[in-house]
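So the protein lines, in turn, are chains G and F. Residue 262 in the working numbering sits at position 59 of the first sequence; the count goes up by one each step and never skips. Residue 446 in the working numbering sits at position 11 of the second sequence; the count goes up by one each step and never skips.
Please note that a few of the clues may not be correct.
[As the list claims (entries may be wrong)] Examples of chain F residues toward chain G, derived with CB under 10 Å:
#, residue
1, Ala493
2, Leu517
3, Tyr519
4, Gln535
5, Met542
6, Phe570
7, Asn575
8, Leu592
9, Glu598
10, His601
Don't read these hints as lab results, they were simulated from the structure. Quick reminder that beta carbons are idealized off the backbone N, C-alpha and C, glycines included.
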Amino acid sequence: MTLEQLCNKIDLKKMSQFTDKEINGVFVSDMISDVMAGAKSGNLWLTVQTHKSIVPAANLVDVSAVIITSGKQVPPETIELASKHDIAILSTDLPTFEIVGKLYAIGIQDS
Amino acid sequence: MSQNNHEWEMTNIQFGFIVYEKCYQTNELRTFFSIEDNPILGDRYREGRKHWTRMENAQSFRFDLKCKKTGELVKFNDLMGLMYCTGCLPDCELDKLRLQYEAANTMVIVAFGFFPESLEKHIPPKKLGILTDYFNQRRNSRRSRIKVLPFNLIKDLSKCRGEFLHDVNMLTKEPPAPRRKPLFE
Chain G
204 MTLEQLCNKI DLKKMSQFTD KEINGVFVSD MISDVMAGAK SGNLWLTVQT
254 HKSIVPAANL VDVSAVIITS GKQVPPETIE LASKHDIAIL STDLPTFEIV
304 GKLYAIGIQD S
Chain F
436 MSQNNHEWEM TNIQFGFIVY EKCYQTNELR TFFSIEDNPI LGDRYREGRK
486 HWTRMENAQS FRFDLKCKKT GELVKFNDLM GLMYCTGCLP DCELDKLRLQ
536 YEAANTMVIV AFGFFPESLE KHIPPKKLGI LTDYFNQRRN SRRSRIKVLP
586 FNLIKDLSKC RGEFLHDVNM LTKEPPAPRR KPLFE
C-alpha cells in the first residue's frame, strides 16, 4: 500500500509536500533514539513528537511517513523542513491507539 | 570511504543517557554515556579542583555495527551522538559542505565524539564512512542519501545551533523550545 492509498482509506491530513511511497509496516514511539535503533525503512512512524528533529530522524531511518497523532499541532518549521527533504508528515486527531487499530484493520501490520 | 563489500547491521544496542557536565571553575565541559536508571539533573560534585554540575541528560543509545557477510564488528563506543546541521553559522565549513551535499539530494548528519577526548582524538574517517554506508544500505528508497561528517568541521561549537538526534525533556510537561540553546556554550 502507498501513502496516497492510505490517505484515501483513513482520514489523514497531509501536512508536508512529498512524493508517494510504499508503506512497509508500522513503528510506534515518541523517542527519537528508539526510532533510530528500531524502525525500518518504509515504516509508518506514529508519534506525538512534533519538534523538527523528527525530520532528520525520519530521513535517517527512511520511514515512509511520520503520522502525528492526538491532534498535536505541527510547527511550521517542522513542516517546512519535511517538505524540503521530501518527508511525508501526516496528522490525525485520533489518539495513537485508535489509529493503530485502523491501520491494522486495513491490512498494514508489522514489517 | 566506501565499504560496499559489507552489509552492516546494528548490534549491541544499549539505551541510556548522554550526560553533559560543566565545571564552573574551569569552564570545561565533558560528556559521557550512562546507563543509570534515574539520572539527577543539576547533580553537583567535586573532583579534585573541579566542581562538576550536570547540565543535561539526553536519552540516547549506543551501538556497534556488524557486517552480515564477513562478521566484522566495528565498535562505536566513541560516538556520542548524531546532529542535524541547521546552517546556523555563516562561513562554517560544515554548512558549506551541507549545501553542496543537499544540492545532490544528500542529507548531512554530523557525528560527535565524547568531550573532551574527541577534541584531540577524532572518530576515524573510515568509521564515519562505515556509518554512512550503514544508513544508506538500510534505505529502500532512492529519493535521497545520507552523508556522515565529523563535528570538527563546525566553525564555532559554542555558537552551533544544530539539532541533536536524541531525546531531551522527555519527562517534563513543557514542550521543547523551537530554537534550542547551543549545547556547548
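Here's how the hints hold up against the structure:
A least Cβ separation of about 9 Å between Ala493/F and chain G falls short of the 10 Å threshold, and the interface hint therefore holds. A cut of 10 Å between beta carbons decides the hint on Leu517/F: the least distance to chain G is about 7 Å, and the hint holds. With its C-beta approaching chain G no nearer than about 4 Å, Tyr519/F sits inside the 10 Å limit, and its interface hint holds. Checking Gln535/F against chain G by beta carbon gives a least distance of about 16 Å; that is not within 10 Å, so the hint is violated.
Against a cut-off of 10 Å between C-beta atoms, the interface hint on Met542/F holds, since the closest Cβ of chain G lies about 5 Å away. Against a cut-off of 10 Å between C-beta atoms, the interface hint on Phe570/F holds, since the closest Cβ of chain G lies about 6 Å away. Below 10 Å, beta-carbon pairs count as interface contacts, and Asn575/F has one with chain G at about 4 Å; its hint therefore holds. Given hint, Leu592/F at the interface with chain G, is violated; its Cβ is 18 Å from that chain's nearest Cβ, farther than 10 Å.
For Glu598/F, the shortest C-beta to C-beta distance to chain G is roughly 4 Å, which falls under 10 Å, so the interface hint holds. At a threshold of 10 Å, the smallest CB-CB gap from His601/F to chain G is about 6 Å, leaving the interface hint in force.
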